[in-house]
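A.B. asks: Protein chains in written order, with this note's numbering: chain B, 12 to 224; chain W, 8 to 101.
Just so you know, these hints were derived from the structure itself, not from any lab. Just so you know, not all the hints are guaranteed correct.
Below, a sample of chain W positions facing chain B; criterion: calculated Cβ distance under 8 Å [unchecked claim]:
(1) Gln45
(2) His67
(3) Leu79
(4) Ser80
Ideal Cβ positions, reconstructed from N, Cα and C, are used throughout, including at glycine.
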Amino acid sequence: MGFKRLGIFLASLIGLCSINAHAMLVAYQDSFGIMGVNQAFHTELFLNYSLTPYFAVGERSIRFDTTDGIKQFFVPEADFLVHRWNQPESQANIYAGGGYGVESFQNQAQGVAMANVAVDWESRKYYLDTEFQSLLATDSKSYNSAKFRAGFAPYLAKFDELNTWFILQFETMPFVPNNPFLTPMVRLFYKNVLVEIGADFQGNWMFNYMIHI
Amino acid sequence: MRTFFILVMTTFLASPSFANAKDLKVTVNGMVCSFCAQGIQKKLTAQAAVKNVDVNLEDHLVKVALKDGSDLSDAIVTQILVDAGYTVSKIERN
């Protein structure tokens with residue numbers, strides 16, 4: 012893959028609008044993040060460290076059960092909080108990030124470039140969230156996925172109480188069989204631990220988690 | 008008995024509850040999620056001058072109780088909140 016192709020790939024991502032309220036690609040300064048996505052066709056582990064409130068570095072490990080077979084990606088990445096709007100009753104964010112790592116498939120490895128764009132808006136009662144992730148391997152195969160989420164809190168929890176959210180997620184991964192996926196889920200968080208439990212309408216379970224230290 | 012009484016009273020009056028403690032009331036914008044706001048409590052509690060931190064999402068307030076004889080400037084409080092990802096709109100002291 013030439014630099015020209017990589018440039019076109021990254022530039023095309025800039026034009027895409029995507030959201031993920033709790034993607035939290037960058038958290039508060041000097042914090043570590045541990046994030047996991049577990050679905051039957053997709054697992055992901057993301058570890059990162061926020062050097063500033065605007066910049067984080069991390070490592071992402073992804074496993075997709077694609078139409079070609081199981082593919083794994085290991086990508087060191089850098090992420091930026093592009094902009095944040097802090098309002099009295101809401102917060103909105105734009106995150107962007109990217110990295111370059113390795114794709115492993117059938118005991119062969121090749122380079123892969125990755126880019127993420129995430130945008131979110133949330134109040135104490137509602138939230139909207141979308142995320143776009145793209146992986147482009149050196150054999151020119153690309154793996155583009157997108158998530159769109161909408162959620163609401165059935166009650167307003169205090170700072171030190173258990174928070175509960177009901178969320179509906181639409182997810183598209185064209186390289187995975189039976190795409191797309193519509194997944195209702197429950198999100199629970201208490202202090203610095205967040206979990207999401209759900210199942211899509213095809214019967215695939217989902218368990219996500221996030222911890223900030 | 009008199010000595011004991013004086014000793015008890017001296018200890019009681021010197022305790023933190025009777026000391027000249029200060030409290031800060033910080034109004035914060037963007038503080039809508041307790042999971043995201045954990046950094047506020049973590050960073051403020053780590054300050055040597057801070058006795059207690061109370062985050063109130065409903066009123067957008069962070070109440071900071073300072074230890075006796077300690078102080079925390081507005082600039083430091085604001086910087087901590089900014090590093091946690093938020094915007095300070097007002098700091099009140101009492």
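A.B. asks: Each hint should be assessed against the structure and marked as holding or not.
C.D. replies: Checked hints:
The interface hint given for glutamine 45/W holds, since its Cβ lies 5 Å from the closest Cβ of chain B, which is under the 8 Å cut-off. Contact between histidine 67/W and chain B, as hinted, is supported at the beta carbon level, the nearest pair being about 6 Å apart and thus within 8 Å. A distance limit of 8 Å between C-beta atoms decides the matter here; for leucine 79/W the minimum to chain B is near 17 Å, and the interface restraint is violated. Hint status for serine 80/W: violated, given a least beta-carbon distance of 18 Å to chain B, over 8 Å.
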